[in-house]
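Asker: The listed protein sequences correspond, in order, to chains E and C.
The numbers in the working numbering rise by one with no breaks, and the one at position 192 of the first sequence is 192.
Numbering-wise, the working numbering comes out as the position in the second sequence, counting from 1, plus 1000.
Everything labelled a hint here was simulated from the structure, so no lab data went into it.
Careful, some of the hints might be misleading.
Dumping the calculated DSSO-like pairs for lysine-lysine here, alpha-carbon to alpha-carbon at most 27 Å [unchecked claim]:
#1 C:K1052 x C:K1085
#2 C:K1147 x C:K1112
#3 E:K47 x E:K275
#4 C:K1085 x C:K1069
#5 E:K89 x E:K188
#6 E:K275 x C:K1148
#7 C:K1182 x C:K1092
#8 C:K1147 x E:K275
#9 C:K1052 x C:K1092
#10 E:K191 x E:K117
#11 C:K1057 x C:K1047
#12 C:K1148 x E:K261
#13 C:K1117 x C:K1057
#14 E:K169 x E:K183
#15 C:K1148 x C:K1112
#16 C:K1069 x C:K1182
#17 C:K1052 x E:K100
#18 C:K1147 x E:K261
#19 E:K47 x E:K191
#20 E:K100 x E:K261
#21 C:K1052 x E:K261
#22 E:K100 x C:K1057
#23 E:K275 x E:K89
#24 C:K1052 x C:K1192
#25 C:K1182 x E:K261
#26 C:K1182 x C:K1052
#27 E:K261 x C:K1057
On the chain C side, residues computed to face chain E include the following (Cβ under 7 Å) [to be verified]:
#28 S1031
#29 N1032
#30 Q1036
#31 N1140
#32 K1145
#33 K1147
#34 S1155
On a predicted model such as this, the values are computed, not experimentally measured, just so you know.
We put the CB at the ideal spot given by N, CA and C, even for glycine.
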Amino acid sequence: MKRTWISIVVIILVISLIACNKTQDDIMPVQEQNSPESIHSTQINTKMVYIPGGEYRPFYSADSNDVFVAPFLMDERPVTNQEFLEFVKANPQWRRSNVKRIYADSSYLKYWQGDLKLPQEALPDAPVTYIPWFAAKAFAESVGKRLPTLDEWEFLAMADQDTSNARTKKQYSDDIINLYLEKDRQYKAVKQSGPNYWGVYNMFDLIWEWTDDFNSVLIKSDSRVGEDDKGLFCAAGGATTAADILNYAAYMRFALRASIKANYNIANLGFRCAKDTIISPSQNQEL
Amino acid sequence: MKTLHYFLAVAFLMISCQQNNNSKVKKDLPSNSIFQLSSEWQNQDGKTVHLKDLQGKTLVVVMIYTTCKTACPVLVSKMQLIESKISRQDIKDVSMVLVSIDPETDTPEFLKDFAIKNNMDAPQWVFLRSNEAATQEFANVLSMKYKKISPMDFSHSNIISIFNPQGQLIMQDEGLEIDVDKIVNTVHGVLKG
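Here chain E stands alone, though its shape is the one from the complex (with noise of 0.2 Å):
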């Protein structure tokens, strides 16, 4: 009887082992979703333009020193909604109803009419938006491209059609400013306006663009100025040319970087992406 008794302890010993087993095997898909690994790749070749990069005068800058920006390949576009679909098929975790919540607040592709349904109201060659900085740092990963850094995408945003900078010019500022206020712009495909330049579409018609390093813009809390509060106003109007003073339309730029978070989703905030390059403007005609 008593060896009866130890080998049924001994049986519920051995499935209750087996039990938590499989519990821990259960675990380990989680670990592998979260593992950097798990951005699966996207098939999508949106024509890059070589940027020959140089020096230039930061919108922005404590130092109002110029800053030197190395040769990239930047997306001729923002990323479509289309594009994004394809992305999300490849890559489950980033689905409006999978995401975590530590990468995007609850408005994440809130205006896609589900998981894998494309928006009613915007175009699928529209540029996707209701974007976070983390989810748009996954997709350039899995395109194998990046984001622009800040003083990428405003080295570019100094051209206009016919110049590659254009911040002198009045009117250069004035353009941008009314293409800001038009209502509703997101929602019209990409490429349907003219190309800047250097050949890149929609820098400002259409929506506002995430940069890498859009966290590197400070208002308040420097460390060297060591108190709270001293203003935008304060610190461009110090170091920027008077020419820049007339910059309203950067200045929204960087008051708009200022003032996000990595895990918001705004209605006319999308993204494109940008890449190093070693290629010459020679070898680039193909590109």
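Given the coordinates of chain E, work out where chain C should sit on it, guided by the hints.
Answerer: Okay, now just chain C, sitting in the frame of chain E:
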């Protein structure tokens, strides 16, 4: 006797599956938990850790760099003050976490040295550094702004954050006038559950 055996067997099964329940907690991490981040870090002992290794304790977190001469010393002294105001009974359930925004300079040896020099080498003090990408990601989770302004100098926002043992953000205080008592009260509130 037979009943006792049954009871023992069932109790045993429950105990062994207690483990299951613990694992389940891990699996069901809140979606907004910082333990969702998969980045790899090194602590002041050079040991590779993940954020979820901090799970189970109330966290007081600040991002600094050790060569900083201006704001960071203030932040560090705030962290020391907060730590000193938590009872010795409670401190074992708290981790005071300092995350470097300058991983290049702040090697584990550097951090260890800094910890010893500042009398922050008790077990509740955790210093972390990673690569640039993970640092940037973590900074963005904390809504922390920072910018490298010269090879050895950063501008950055001054934020102390409190996370509960599941890694959810409970409160943040920003600026150099951080209210230490408010943070200590919040930590005690989280500890009481």
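Asker: State for each hint whether it applies.
Answerer: Going down the list of hints, with the structure as the test:
1. A threshold of 27 Å between alpha carbons decides the hint, and for C:K1052 with C:K1085 the separation of about 26 Å falls inside it, so the pair holds.
2. Taking the CA atoms of C:K1147 and C:K1112, the gap is near 24 Å; set against the 27 Å cutoff, the hint holds.
3. Restraint check for E:K47 and E:K275: the C-alpha separation of about 12 Å stays at or below 27 Å, so the hint holds.
4. Taken as a hint, the C:K1085 and C:K1069 pair is honoured in the structure, with Cα atoms around 25 Å apart against an allowance of 27 Å.
5. A hinted pair counts as satisfied when its Cα atoms are at most 27 Å apart, and E:K89 with E:K188 qualifies at roughly 23 Å.
6. Straight-line distance between C-alpha atoms of E:K275 and C:K1148 comes to about 21 Å, which keeps the hinted pair within the 27 Å bound.
7. For the given pair, C:K1182 sits about 20 Å from C:K1092 by alpha-carbon distance, which is consistent with the 27 Å threshold.
8. Distance hint between C:K1147 and E:K275 is fulfilled; the C-alpha atoms sit about 21 Å from each other, no more than 27 Å.
9. For a cut-off of 27 Å, the pair hint linking C:K1052 to C:K1092 stands: about 17 Å separates their Cα positions.
10. With a C-alpha separation of about 23 Å, the suggested pair E:K191 and E:K117 falls inside the 27 Å cut-off, and the hint holds.
11. Taking the CA atoms of C:K1057 and C:K1047, the gap is near 19 Å; set against the 27 Å cutoff, the hint holds.
12. For a cut-off of 27 Å, the pair hint linking C:K1148 to E:K261 stands: about 19 Å separates their Cα positions.
13. At roughly 25 Å between alpha-carbon atoms, C:K1117 and C:K1057 fall within 27 Å of each other, so this suggested pair holds.
14. With a C-alpha separation of about 25 Å, the suggested pairing of E:K169 with E:K183 holds against the 27 Å cut-off.
15. Restraint check: the Cα-Cα separation between C:K1148 and C:K1112 comes to about 23 Å, which is no more than 27 Å; the hinted pair holds.
16. For a cut-off of 27 Å, the pair hint linking C:K1069 to C:K1182 stands: about 26 Å separates their Cα positions.
17. Pair hint C:K1052 plus E:K100 holds up; C-alpha atoms about 15 Å apart against a cutoff of 27 Å.
18. A hinted pair counts as satisfied when its Cα atoms are at most 27 Å apart, and C:K1147 with E:K261 qualifies at roughly 15 Å.
19. For the hint pairing E:K47 with E:K191, the CA-to-CA distance comes to about 12 Å; that is within 27 Å, so the pair holds.
20. Taking the CA atoms of E:K100 and E:K261, the gap is near 15 Å; set against the 27 Å cutoff, the hint holds.
21. Distance hint between C:K1052 and E:K261 is fulfilled; the C-alpha atoms sit about 23 Å from each other, no more than 27 Å.
22. For the suggested pair E:K100 and C:K1057, the alpha carbons sit about 22 Å apart, so the restraint of at most 27 Å is met.
23. As the CA atoms of E:K275 and E:K89 are separated by approximately 23 Å, the hinted pair is consistent with the 27 Å bound.
24. This hinted pair checks out: C:K1052 and C:K1192 have alpha carbons roughly 21 Å apart, not beyond 27 Å.
25. For the proposed pair C:K1182 and E:K261, the alpha carbon gap of about 24 Å is at most 27 Å, so the pair holds.
26. Between the alpha carbons of C:K1182 and C:K1052 the distance comes to roughly 26 Å, so the proposed pair stays at or under 27 Å and holds.
27. Under the criterion of a C-alpha separation no larger than 27 Å, the hint pairing E:K261 with C:K1057 is consistent with the structure, at around 26 Å.
28. Taking 7 Å as the C-beta cut-off, the interface hint given for C:S1031 holds, the closest approach to chain E being about 4 Å.
29. Hint on C:N1032 holds. Least Cβ distance to chain E is approximately 4 Å, under the 7 Å limit.
30. A hinted interface residue such as C:Q1036 counts as satisfied when its beta carbon comes closer than 7 Å to some beta carbon of chain E; here the least separation is about 5 Å, so the hint holds.
31. Nearest Cβ of chain E to the Cβ of C:N1140: about 4 Å, under the 7 Å cut. The hint holds.
32. At a threshold of 7 Å, the smallest CB-CB gap from C:K1145 to chain E is about 5 Å, leaving the interface hint in force.
33. Residue-level restraint check for C:K1147 holds (minimum Cβ-Cβ distance to chain E is 4 Å; threshold 7 Å).
34. Interface hint status for C:S1155: upheld, as the beta-carbon distance to the closest one in chain E is roughly 5 Å, under 7 Å.
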